[in-house]
Amino acid sequence: PMKDKLKEYVESDGVLLAVCSGFELISKEFHIQGEKQEGLGVLQVKSLWDEKRFVSNVVINTPFGIVTGFENHNGRMDIGNLNPLGEVVFGNGNNGQDKKEGVIYKNTFASFLDGPLLPKNPKLCDEIIKRALIKKYNEDIVVNRIYREPREFLLSNEDNIAHREFLEKNIKNSIWLADEVAVEENK
5 PMKDKLKEYV
15 ESDGVLLAVC
25 SGFELISKEF
35 HIQGEKQEGL
45 GVLQVKSLWD
55 EKRFVSNVVI
65 NTPFGIVTGF
75 ENHNGRMDIG
85 NLNPLGEVVF
95 GNGNNGQDKK
105 EGVIYKNTFA
115 SFLDGPLLPK
125 NPKLCDEIIK
135 RALIKKYNED
145 IVVNRIYREP
155 REFLLSNEDN
165 IAHREFLEKN
175 IKNSIWLADE
185 VAVEENK
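Numbers 5 to 191, taken from our numbering, label the letters of the sequence shown in order.
To be clear, the hints were calculated from the coordinates, so they are not data collected in a lab.
None of the values given here were measured: they were computed from a predicted structure.
Each hint should be verified, as a subset may be incorrect.
[Said to hold, decoys possible] PhoX-like, lysine-lysine: derived pairs with alpha carbons at most 20 Å apart:
id : residue 1 : residue 2
1  : K7        : K110
2  : K56       : K7
3  : K50       : K7
4  : K139      : K110
5  : K56       : K40
6  : K32       : K7
[Unchecked claim] Have a look at the derived ranges for each label pair, beta carbon to beta carbon:
id : residue 1 : residue 2 : range
7  : Q37       : Y141      : 37 to 45 Å
8  : G84       : N142      : 24 to 32 Å
9  : E143      : N76       : 24 to 32 Å
10 : V146      : V59       : 33 to 41 Å
11 : L86       : I36       : 22 to 30 Å
12 : E33       : N76       : 14 to 22 Å
13 : L52       : N142      : 13 to 21 Å
14 : D8        : D118      : 24 to 32 Å
15 : Q41       : N76       : 15 to 23 Å
16 : P123      : N87       : 33 to 41 Å
17 : E33       : K9        : 14 to 22 Å
Glycine included, every Cβ here is placed at the ideal spot set by N, Cα and C.
Could you put the whole structure together from the sequences, leaning on the hints where they help?
The following block contains the structure:
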């Protein structure tokens, strides 16, 4: 069945991105409206149910720099001993307890972050593309970045003033925003 093919693909270093409900679907188990469902079991993680819904902007530190997104979930993901995608700076993450968000397992990236995740986080997007190219061509790939760092983009692009003001109001304590304000003050 397709479930076995997906597991085999992941175990053979296939590249997969699972976002929000996709994260839960590839787990061992998850819940819909509080009812336990069997997941695909691609990742050895499980999502428990909680009545309180996490709805928040999220900022995490990852090996690929700061990653931002939006969470909207009742699941409380237990990732066991798997590596998280990142450490939560602001928001709830996997379960609101352990300050972890998402999972990286081999070339599988899973996260509760919507946002849209890839357009908001070009370094993460580059990493996923690079891994897919390495898997396909079996050789190391250098991805040339054609974007500016988020702080340059937010401080110089007038179209993002409203977004920046929103971040200032809602993520005042994040390291990322503190860096943005410091850069602006030093101009």
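Going down the list of hints, with the structure as the test:
1. As the CA atoms of K7 and K110 are separated by approximately 18 Å, the hinted pair is consistent with the 20 Å bound.
2. For the proposed pair K56 and K7, the alpha carbon gap of about 30 Å is over 20 Å, so the pair is violated.
3. The suggested pairing of K50 with K7 holds, with an alpha-carbon distance near 16 Å, which does not exceed 20 Å.
4. For the proposed pair K139 and K110, the alpha carbon gap of about 12 Å is at most 20 Å, so the pair holds.
5. Note on K56 and K40: the hinted pairing holds, with a Cα-Cα distance of about 17 Å set against a maximum of 20 Å.
6. A threshold of 20 Å between alpha carbons decides the hint, and for K32 with K7 the separation of about 12 Å falls inside it, so the pair holds.
7. A C-beta distance of roughly 44 Å is found between Q37 and Y141, which places it inside the suggested range of 37 to 45 Å.
8. At about 31 Å, the CB distance of G84 to N142 agrees with the hint of 24 to 32 Å.
9. The hint said 24 to 32 Å for the Cβ distance between E143 and N76, and at roughly 39 Å that hint is violated.
10. Range check, V146 to V59: about 39 Å between beta-carbon atoms, so the 33 to 41 Å window is met.
11. Judged by the Cβ atoms, the range 22 to 30 Å given for L86 and I36 holds: they are separated by roughly 23 Å.
12. Hint check: E33 to N76, Cβ distance near 20 Å, so the stated range 14 to 22 Å holds.
13. As the Cβ distance of L52 to N142 is approximately 39 Å, the hint placing it in 13 to 21 Å is violated.
14. Roughly 28 Å separates the CB atoms of D8 and D118, a value that falls within the hinted 24 to 32 Å.
15. Judged by the Cβ atoms, the range 15 to 23 Å given for Q41 and N76 holds: they are separated by roughly 19 Å.
16. About 24 Å separates the C-beta atoms of P123 and N87, a value inconsistent with the hinted range of 33 to 41 Å.
17. At about 20 Å, the beta-carbon gap between E33 and K9 stays in the expected band of 14 to 22 Å.
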